[in-house]
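Position chain F against the provided structure of chain D, taking the given hints into account.
Top line first, the protein sequences correspond to chains D and F. All residue numbers for the first sequence refer to the UniProt record's numbering, where the first residue is 1 and numbers rise by one. All residue numbers for the second sequence refer to the UniProt record's numbering, where the first residue is 1 and numbers rise by one.
By construction, these hints were calculated from the structure, which means they are not laboratory data. Treat the hints with care, as some may be off.
Derived DSSO-like pairs (lysine-lysine); straight-line CA-CA distance at most 30 angstroms [said to hold, decoys possible]:
| no. | chain 1 | residue 1 | chain 2 | residue 2 |
| --- | --- | --- | --- | --- |
| 1 | D | LYS650 | D | LYS116 |
| 2 | D | LYS873 | D | LYS846 |
| 3 | F | LYS476 | D | LYS846 |
| 4 | D | LYS480 | D | LYS244 |
| 5 | D | LYS740 | F | LYS476 |
| 6 | D | LYS794 | F | LYS476 |
| 7 | D | LYS627 | D | LYS241 |
| 8 | D | LYS873 | F | LYS162 |
| 9 | D | LYS117 | D | LYS241 |
| 10 | D | LYS733 | F | LYS162 |
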Amino acid sequence: MLREKYIKLLCCFLFLLSAQIYAQQQNLNGIVVDGKNDLPLSGVIIQSETEEIITNENGEFVIPNQKLPVTLTVSFIGYKTQEIVVNSFDFFNIKLIKDSNQLDEVLISSGYLSQKKSEFSGSVATVSAKQLQNRPSTSFDQLLGGQGTGIDVIQSTSVLNNTPVIRVRGLNTITSGLFPLIVVDGVAVFTGSLGGFVGNNPLSGINPNDIATVDVLKDASAAAIYGSRAANGVMVITTKKGKKGKTRFNYNTWFSRSTPYNLPKLLNAEDYTMIKNEALVNAGKAPGFFLSKNPDGSTVDTNWYDVAYEPGISSNQNLNISGGNETTQYYFSVDYTNQNSFIKNNTFQNYMTRLNLSHEVNKSIRVGINLSYSRAKNVGPNTGAVAGNTLSSSTYNTEYITNEPLGRMTYVLPPNVPVYNPDGSYSIQNGISVGYGANIPSIIGTINAYNLAMVQELDLTTSISKSLLGNIYGEFDITKKLIFRTSYGLNTIDLENKLFLNPIHGGGAAYNGVATNIATDLERTDWANTLTYKDSFNENNHFTFMLGYERIKTTLDSWGASQSNVTDPYYKNYQGSYANISPIGNDLSENALLSYFSNLNYNYKNKYFLSLNYRIDGLSALPEGNKYGSFGGGSVSWNLLEESFLKDSKVRGFLDNLRLRASYGIVGNSEIGNYPAIGTYNSSTYGGAPTLGYSQTANPNLKWETSSKLDLGLNFAMLNNRISVEFDYFNNKIRDLILKTPQSLSAGIPNNYINENVGGMYNTGYEIGINALAVTNRNFNWNISLNLSTLENKVTSLSSDVFVPSVFGVQNMTRVGYSIGSVFAVPTKGVNPDNGQMVFINSEGKEVQYNHIGSPKWTYLDGTAAPAIDNYKDGVIQGPSLPKLFGGLNNTFSYKNFVLNVNLTFAQGNKLYNGTRATNSDQRYFNNGEFIKNRWTTPGQVTDIQKLYYGDNVSAGFSFSSTSKVEDGSYIKFKNVSLGYNVPMELSFLKNTFSSIYVYVQGNNFYTFTKYRGSDPEVSINGNSINSGKDQNVPPNAQVYTLGLNIGF
Amino acid sequence: MKKYILMSCFILMFATACNDDLLDTQPETSIPESIAFSTPEKILAQTNNLYKQLQNQSFYGGRFIVFNEQRADQFGQNDGNAATGSAVWNQNVASTNDFVNNVWSVGYTAINASNILISKMNETTVISKELAKNYIAEAKFVRAFCYFSLVQTYAKPYNQDKSSLGLPLRLTPITTSGNNDLARSSVELVYNQILKDLDEAEIDLPVTYATPLLNTSRAKKVTAIALKTRVLLVQNNFDQVISEAKKIVSATAPFQYTEGTLTQKLEPNYSSIFGGSYTGTEAVFSIPFANSTTETPSAQYALAYNYLTQPIIFLAAAGIVSDPVFSAASDARSGLIGTSAANQKVLKKFSVTTAPFRDYVPVMRYAEILLNYAEAAANTNDLIQAEALLKAVRNRSDPTYVFPANDVATKEALIATIQKERDIEFLGEGFRLMDLQRKVQTLPAKKGSIGTAPLVLPTASNYIWPIPSGEISTNKLMVPNP
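If we strip away everything but chain D, and leave its shape as in the complex, we get (with noise of 0.2 angstroms):
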């Protein structure tokens, strides 16, 4: 019915428009049908050179006061748009034929096999080459944020081309793998974080702009056919292949300017010596911190955000040309990407290549190969926002609290001590403090902190990657209907990590200068075959099966070390000359995974679909006996439409598409290290003599850590497919986590954990995806896709409870009962009104009140000693780490030539630990936030900030977590705002030469509305860890302008 007002509203209107112009022309008066069925369509555009018309519910236009020959244009979502000259007035049929490469007809790929996306039942989210080109980045997954429902991304830190944070319907194992398998053209290829402290996302070896499309794979039946990887969901990858046809040359450039996005304000030079004298009056201690002069006379006020940041310029180059002829295609593309972050010295060069080639040697034998080659040199200082290296596993950063990263030197250095002495040498005290100041060491204790900008220009990380990637595959024909297809994919990774730490200060000076060069190779092979068997019985049934083998080998080598004591401070590099050598880095290790698989599809006219997918999966790192595990789903899907007691219904003319879809499946989880199961013994000296210690608890009953996938879905489309919409809920249960499960100290196991089949959670939630056509007109176009998921996370069983014990607290706990990583805190009270101090609340419910110069310090509120707060025995679950909710929200409007493109992002119900707030509310000589001068001064005022006694960092949440730093993580964010125009192609000296121009310019980060108080709420400083949702020392986010073009000829 609204629908019915809605057209003719617009019908009239444009009717009454028009009449006012043409009033002696005549009606053009017609029909638009499906061309294969003859049904009319409701809702296709028609344009005339004046007009614009939309078809009624009956599929009939009216075309006001037309002049003969009229040339219309006929478009239509889903079908070939069509040009037809009308000579005549006579009332006329317009058969459109549908599009292949359009909406339904959307082809999934489950790496093995692809699917058409209306006979596919599993559930899946599809991105699009559109939804991942012109935006500036140095890898793809950073780009799928809210993109698709139920992917999660965070993009956690500027630092150029480490490593987001990416989950499928949450996280899927304890201390496993956790990255999602990615697998481009069949090659599963390596995730993690590689390049030390300057991070390294193996995956910026696959070019943004080469791939076609990037299938996420949620379900069990959708995943079942990876078997033991599936348990975090998988990404499969298609590259872009050449079409038959002229060639075609596509030239896209972008340069980008980056600038930090909200840094926390802190206090200036003068405000900072006030705050920190009162701390030491407070504290019993004379006045320590004084202002300096330099040499103009003017007062030092040094803001080392300055100091560390600078806006970083970037640009990127990038070429393709494809083509081809009836037996060969070809893509070939090249690509530089040269860029700067905001950090000073933190760079990122990446130069790319792609070859893509299809021949078809005769009708029954086809021949291909997709080849990639890229070398990206990532250098910066440390940062303290990348976690560590990992191909894997969970992760927990330690490196944002020393004294080597950048983030917390901005926080915490003194704005009251200068940079560089009046000669321009760097301001420095002794090996590891910034020069002093006025200030006086004797009273104000050690500054633990560098000069940032020795350290920053003088100590830096270097990651090389030199990475192949690609495949060769044959298609034999063995019949008509079955065919055999082998691939053999290789990813190897030549890695070179250095760091060179100066021998004067900084981490270094201890050391007399370090310098350490780690060499890495990593090789996966994968080999598949395929038999795939298609057939019909009459005109109702078909189906499709297939049988596969695949071996896939993993070896790591890795070897290196670390020089020390530099002869002479010229040497700058590990080749340089050193008294001390010792090895670090070594590893040598291999993994293997040998498996079977089959797959039925079938379909009963178009109606009835069902898919089962079988694997056996042998893995090397499981125990004899254990080896293979068995894994399978399987999917059924029901389109209503086709019913009969639907087709002729109201219903049908409504609904476009109405599917039911139901999955259920078992996968596994094969990131388990490569040789968790064994007792090992490790080799090292004592006093120079030969050491065997033991190094690894063997687990002779390890097996198979799986989950349970359920899916029920919904699709359905509306209004001539002008809205659709995508559902689904889930419920993914883990069994048999394979879990480093802590064992009690003083049993004095090795690292203190066992690798068992111990735990179990379940992530259950809501997917809806939803896409709409929401004006469509001759000039103006509006597009909104929505994608919307809700997340809960519980852990239903464990050993015990799983943390990293801290002297800077327990921020995340995993506890049964709880979401995975909750974040954990003591609970505060808030501070006392009476005498300034901070009051906790104790596992016994009393309120403890701190006073860092108390003798006893802890003192329950009427002054007797109280046990000192402990952080796991006082400490409360505060929320899930995880988000409740998240998604995405992507406009596209469009008018005449311009587009505008608004993508929003957002996150709801997780808690974040502000641990930045906690430094800089540190009353050490950390420097402050502004908002510490809310502190306590006078008896009787209510604040949240403690009365200030130098040297406490207890208090405010540093060294043990505190709720008053727990802060809701919700947020919705302007991602990407851009601005493109396609410059029209009719004027004379483009038209021969050019076939498209588009520019843009492009805001990344736009805007963030939050409540957090931190920089960004969207955080992770553990990387892709289940110890989520901390904010601490790290730099902020960048925010980015580029202004980019696209040229094709």
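Only chain F this time, still in chain D's reference frame:
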């Protein structure tokens, strides 16, 4: 035709690749458990590994000694960073503190390694019974030493309440899961086990090894006896201290012990204890380091870095450094006190201030045996022997020094003087906390540049460290310290 050629090639490839041992992978950089005790060399390496555990940088490789000094009153803290142990110095550590977890964990790792070795040596046929017994004795020494270190850190002092909760006493090897739960034995039972192990070790340990380095870095008969004098002193069991000490201290000066090629006595030159070969006659047991960062502690864990390079902790002006000894040029020990850029007194015993921090860590010196003996003798009213032993230590550093009569006249005065001599002699070697706690004395307040750390009464909960969170969360029978 092409089709068939390609297919045959393929079948050939398939045939060569299949039916192999793809899934049978073995680690190449570590030794499988099954052969870890299969040769005499591997067993020796396993034995060396016990000491390697003590060498851990969180334990006797450096940090444990620093923690003991930070908890006592001779040092002020310069660095407020928690990573440098400021909370340890502030007497404010929580169960989640990783130092609290690490020390406990490293100690028990060494204990389990000892238990494994003992059990393997009871079965081995690879080496002679005699050698196996030697190794078992070494394991018992290491086990006793670890229990002694842990019981002093995590349980009430023996002299305060020997029936209070001590440690979970683990005496059998653990190589599987399911062994988490074990209740704490009483302090007294833990001490009984320590002494039992040391008595047994004494019997089977060799008198001497082949080289001075091995004599210093592995336990021999003297080492076990020397440790007994320390343990018994902590129990105020003075008679037994004396009877043990007599085994290794000659009746009259110059006090020394000689057996075979081994001589243990005071170094004539005090500073040579902390330099040179580090393996002189005074070294009863030290942690050695090869000159490589694979063995040496990292900066924040190294004694030299803590005491001198930074310094993270400096000699508190009100502490023992104010004693005239340290300003008298005549006493050699004053030569190991320096002044930092911030005009603080600092300890120079450990002088390798750039990595690798390879100064050997002295764990037991002959001087300690003499002073243990002296204190026990004084307590049993043998003032003459006590004074003679005291003088031996003092006059080694200052040959002309004569103790004022009042300092040595009575039992009480002599005991106090011996304590002061210990404070002077072992400054920075981790003895002060043990000495305060075995006498159940208050840990005094102390000043550092990050503020004042409050005094800690023996009754206060922070007089000892909390049981670590990693133990509480996994061992269901564990009772935390109050």
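For which of the previously enumerated hints does the structure constitute a violation, in increasing order of number?
Checked against the structure, the hints that fail are numbers 7, 10, while the rest are satisfied.
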